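Enquirer: Chains B and V are the protein sequences, given in the same order. Residue numbers for the first sequence follow our numbering, so the first one is 214 and each next one is one higher. Residue numbers for the second sequence follow our numbering, so the first one is 327 and each next one is one higher.
Watch out, some of these pointers could steer you wrong.
Stated by the list, open to error - Which bits of chain V does chain B cover? Going by a derived footprint, with three or more residues having C-beta under 8 Å, they are: (1) 436-449; (2) 478-491; (3) 512-520; (4) 560-566; (5) 573-585; (6) 636-649.
Derived by calculation from the structure, the hints in this document are not laboratory data. From a predicted model like this one, the values you see are computed outputs, not experimental measurements. Cβ atoms here follow ideal geometry from the backbone N, Cα and C, with glycine treated the same way.
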Amino acid sequence: MRALTDGTVTGLAILATLIVVAPLIAIFVYLIYMGASSLNLDFFTQIPKPVGESGGGMANAIVGSAILLALASLIGVPIGIGAGIFLAEFGRGSKLANGIRFTADVLNGVPSIVMGLAAYALIVSEQKHFSAFAGGIALGFMMIPTVCRTSEEMLLMVPNVIREAALGLGVPNWRSVLSITVKTASPGIITGCMLAFARVAGETAPLIFTALGNQFWSTSLNEPIAALPLQIYVYALSPYDDWHRLAWAGSLVLIVLIVLAVSLVRFVASRGVLKGAS
Amino acid sequence: MVNVHVPEIHLSQAQFQPEPDSPKGKKVAEPLVVSVSAERTFLLSRGNSAFADRLFAWLMLLCGLSIFAIVALIAFELVLRSQLTLHKFGLAFFYEAFTDPDTHLQMFWDPVNEQFSARPFIYGTLVSSFLALLMAVPLAVGLAVFLTEMCPRMLRGPLAFLTELLAAIPSVIYGLWAVFVLVPLMREHVNPFLIKVLGWTTLFNDENPTGLGYLTAGVILAIMILPIISSLTREVMTTVPHSQREAVLALGATRWEMIRMGVLRNARIGIVGAVILGLGRALGETMAVAMVIGATPEIHRSILSNGSSMATVIANEYAEAVSEMHLSALTEIGLALFVVTIIVNALAQVLIWAVTRGTPAQAH
């Protein structure tokens with residue numbers, strides 16, 4: 214009887230694993246099939262055609278996404294790493310650091326649409342128009358907690374001996390942190406940043422009412438700008454087959470970007486974060 | 327100006343002399359160094375770096391505090407922008423229904439007459455999240471048990487990587503897949519089957535033949551929150567010491583009894599934390615749900631009906647809302663979502679910390 218229960222549970226666990234893996238494989242296979250069959254050079258070089266004309270691409274959305282992400286990284290990466298340095302180097306074990314760590318974890322779970330609302334209230338409703346700038350800020354804020362927590366974890370892995378050696382040579386603390394500790398942990402920190410980057414690259418919700426989207430070329434920070442996930446959303450809900458194809462192609466591009474980032478993170482993490490630099 | 331460079335010169339010299347020679351002797355030999363005494367440069371560099379150090383520490387502290395600032399900023403802006411409805415409806419905003427003046431039907435959301443109630447959205451969020459948890463939790467725990475306790479070592483890496491990938495797929499791609507694959511599947515096969523078999527419970531009826539609705543949203547949510555719950559459960563389960571497992575096995579337990587008594591019982595608080603964290607994600611998930619829930623501000627008993635959730639109504643209406651009242655009502659829903667997710671996440675963090683506290687941070 215007990216052996217039977219044991220066998221049943223083992224079977225159930227295997228079944229659960231299969232059920233979990235099935236949709237994942239279904240999503241990937243379908244995505245690659247649909248995406249690859251609609252992806253062509255036009256996708257990367259053309260802007261969307263008006264309804265009714267076939268062809269066209271998402272060049273403006275790709276450039277728009279790049280601009281938004283650059284802006285987000287400009288905000289999120291330095292502040293995030295700074296906060297990580299504070300947690301790992303200055304505030305270790307203090308109440309303040311614990312509070313910051315806790316808040317960062319909680320902020321990580323705040324829905325992205327709420328970030329969008331905050332960016333709207335902060336920038337769009339003051340300026341009275343949608344802008345790329347507002348979208349970039351929303352994404353940047355979302356990057357901070359992720360970058361902060363991964364940087365902290367990577368910095369904590371740097372052995373104390375290295376810090377002591379630097380300080381023992383009379384190096385000022387700030388230089389020791391920046392050119393010794395951070396440099397040693399840099400492969401880990403960079404992959405952490407890439408992880409945050411990959412996460413916000415696919416974010417749509419905070420962009421709907423900040424960056425808004427744009428059917429034409431626009432690179433101005435002060436105007437509505439197109440973004441890849443936003444375009445996918447609009448096209449997926451449209452009734453046109455041509456647009457559906459573009460949505461699939463866009464998804465494939467996005468997912469390839471993200472899978473690359475995640476695999477890189479895993480690769481670096483598995484080989485021991487600190488090997489590369491020290 | 328010269329002072330700024332002094333510590334660097336000093337440093338590079340110090341690094342070149344690991345030998346026990348006295349550094350003073352070498353410095354005299356080098357004509358390039360400024361002629362002041364070594365003690366003087368040393369002291370200068372000290373004074374200099376004390377200031378730089380303090381500045382650096384303050385700067386890093388500022389970065390750390392910015393996280394508090396962001397949370398405060400979000401809360402402040404959301405409260406500020408939802409003043410109109412906060413004053414007009416008060417708490418009744420979250421539960422009250424009203425009747426339409428023309429049709430005398432029960433209404434919840436009427437931007438034209440500026441009557442707003444969040445009830446259908448709260449209902450939609452709760453129903454879809456509950457359905458998602460119902461499907462995801464057993465699967466996630468099963469997966470975690472399989473990966474930590476049963477899986478051959480060879481499969482463990484790839485499977486863990488796959489679930490990690492599942493967590494990295496953007497919401498909008500889940501939505502796209504759901505619109506073209508899941509919705510037709512639900513419409514053609516799953517929903518008719520449920521109506522035929524379980525129709526008598528009145529939870530399933532055929533008023534809505536589109537395949538959209540609470541249940542479809544629940545399924546896609548379940549797929550999306552599975553990896554989070556499963557990877558955290560795994561993390562918690564790996565912190566259970568091996569001695570616990572060995573002790574139970576030594577008493578003659580089968581593998582399942584070992585998992586139940588040795589692992590799950592010790593890790594249960596952390597597992598609850600993981601589930602709550604998954605709930606937090608489900609509550610705030612926007613795009614995929616917006617694409618499949620149907621987007622109607624109504625309340626239905628049948629889980630196959632169209633509905634709307636808190637996050638999706640914001641996504642659908644905010645960019646097009648014109649009246650101040652409408653914007654304010656949507657912002658207030660956002661505020662409620664913010665407060666609820668903060669509470670849920672804080673709770674989950676506390677529970678997970680309670681279990682993983684003693685172990686190093688690099689557990690995952």
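Enquirer: Does each hint hold? Answer for all of them.
Expert: Results of checking the hints against the structure:
| no. | hint | result |
| --- | --- | --- |
| 1 | 436-449 | violated (count 0) |
| 2 | 478-491 | holds (count 6) |
| 3 | 512-520 | violated (count 0) |
| 4 | 560-566 | violated (count 0) |
| 5 | 573-585 | holds (count 5) |
| 6 | 636-649 | holds (count 5) |
Violated hints, listed in ascending order, are 1, 3 and 4; each of the other numbered hints is respected by the structure.
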